[in-house]
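Chemist: Below are the chains, spelled out letter by letter.
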Amino acid sequence: MHEMGIASEVIDAVRIEIARHPGARPSKVGLRVGEWAGVDVESLRFCLEVLVKGTDLDPLALDIDFRPQGSELDIAYLELED
Amino acid sequence: MERVAIEKRVLSENDRIAQTLRQRFAARGTLVLNCISSPGSGKTSLLERTLEGFAPETRVAVVTGDIQTDNDARRLARFGFPVRQITTAGACHLDARMVEKSLEGWDLDRLDLLLIENVGNLVCPTSYDLGEESKIVILSVTEGDDKPLKYPGAFAKSRLMVLNKIDLLPYVPFDMEAARRNARSIHPEIEIIETSCTAGSGLDAWRKWIGERMREAERKEKPR
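Sequences listed follow chains H and P, in order. Letter by letter, the first sequence follows residues 269 to 350 of the numbering used here. Letter by letter, the second sequence follows residues 746 to 969 of the numbering used here.
Treat the hints as calculated values from the structure; they're not laboratory data. By construction, the Cβ of each residue, glycine as well, lies at the ideal position given by its N, Cα and C atoms. Hints may be right or wrong, so weigh each one.
Unchecked claim - Just a few of them, taken from the derived set where beta-carbon distance is under 10 Å, the chain H residues facing chain P:
#, residue
1, 277
2, 295
3, 313
What the hints assert, rightly or not - Residues from chain P that keep clear of chain H, each with C-beta distances beyond 12 Å, as calculated:
#, residue
4, 748
5, 750
6, 838
7, 852
8, 873
9, 878
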């Protein structure tokens, strides 16, 4: 149930990053999610799709690097297109 | 195409507040325990029996979280210690900001122990640091003995597993050894205490464990 809040924080981080790169369009965001982070990956994916749909970020691909036995919950990278 | 490294932890704002809380607690030698379990495992009953065993001068307080109602706070307030209810109105966990806000008006210098009863949920609360010294996971024998395998995060991050409602063992197909083995397969160092809040068994061991942690917190107290 808390995946929507996490997805919102990811979107905020994406917007902060694209503001540093005027004219660039974000195409993919990469996350690291540990098995023990307490996050349902499919729910997080769904929440991000909902938040992006119909906005200037649409389409934004999502790359989730799932870490068995890990507690990571990180935004790793953003891919930008000129 | 350009790849830009961000390397930012999600929930970093929660972590920042939790770290501030942890420093405040450590500076005062206040032990903070964050109790996590699924709904109905007996968290509130365990806290009731815990408070009942304390001398009136014990400097203990409780923050209890639920999605709705202040039923738990009213149950716990009967023992005469300060209790605050956090009603999350839908959120499935407590976060550090909620705990920070709930502490407003309390003099932490006058607290040796803060017990936090999280919202009943074995998943989401494990993501949120509340500034606690330890997480404690409570598993009752009316649940499955494979819960540690199904919800590994809660067991991986907890220092202690309380196996509760053991008075019901004759009536339920719960394998205590399997539960211990499953928990230790996730977290080999996890400590385990078996309790029954109804029969009172194991509560002395639980209170002794808290007492030892309180003395540890007092020894570690940092000058402000």
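Chemist: Give a verdict on every hint.
Modeler: Verification of the supplied hints:
1. For residue 277 of chain H, the interface hint holds, the least distance from its beta-carbon to any beta-carbon of chain P being 5 Å, beneath 10 Å.
2. For residue 295 of chain H, the interface hint holds, the least distance from its beta-carbon to any beta-carbon of chain P being 7 Å, beneath 10 Å.
3. About 14 Å separates the beta-carbon of residue 313 of chain H from the nearest beta-carbon of chain P, more than 10 Å, and the hint is not met.
4. Under the 12 Å C-beta cut-off, the non-interface status given to residue 748 of chain P relative to chain H is violated; the minimum distance is some 5 Å.
5. Separation of residue 750 of chain P from chain H is inadequate, the least Cβ-Cβ distance of about 5 Å not exceeding the 12 Å criterion.
6. Chain H draws residue 838 of chain P into its interface by the beta-carbon criterion, the shortest separation being 6 Å against a cut-off of 12 Å.
7. For residue 852 of chain P, the shortest C-beta to C-beta distance to chain H comes to about 32 Å, beyond the 12 Å cut-off, and the non-interface label holds.
8. With a cut of 12 Å on Cβ distances, residue 873 of chain P falls inside the contact zone with chain H, its closest approach being about 8 Å.
9. For residue 878 of chain P, the requirement that its beta carbon stay farther than 12 Å from each beta carbon of chain H is met, with the minimum near 18 Å.
Violation of the numbered hints given earlier is confined to hints 3, 4, 5, 6 and 8; the remaining hints are satisfied by the structure.
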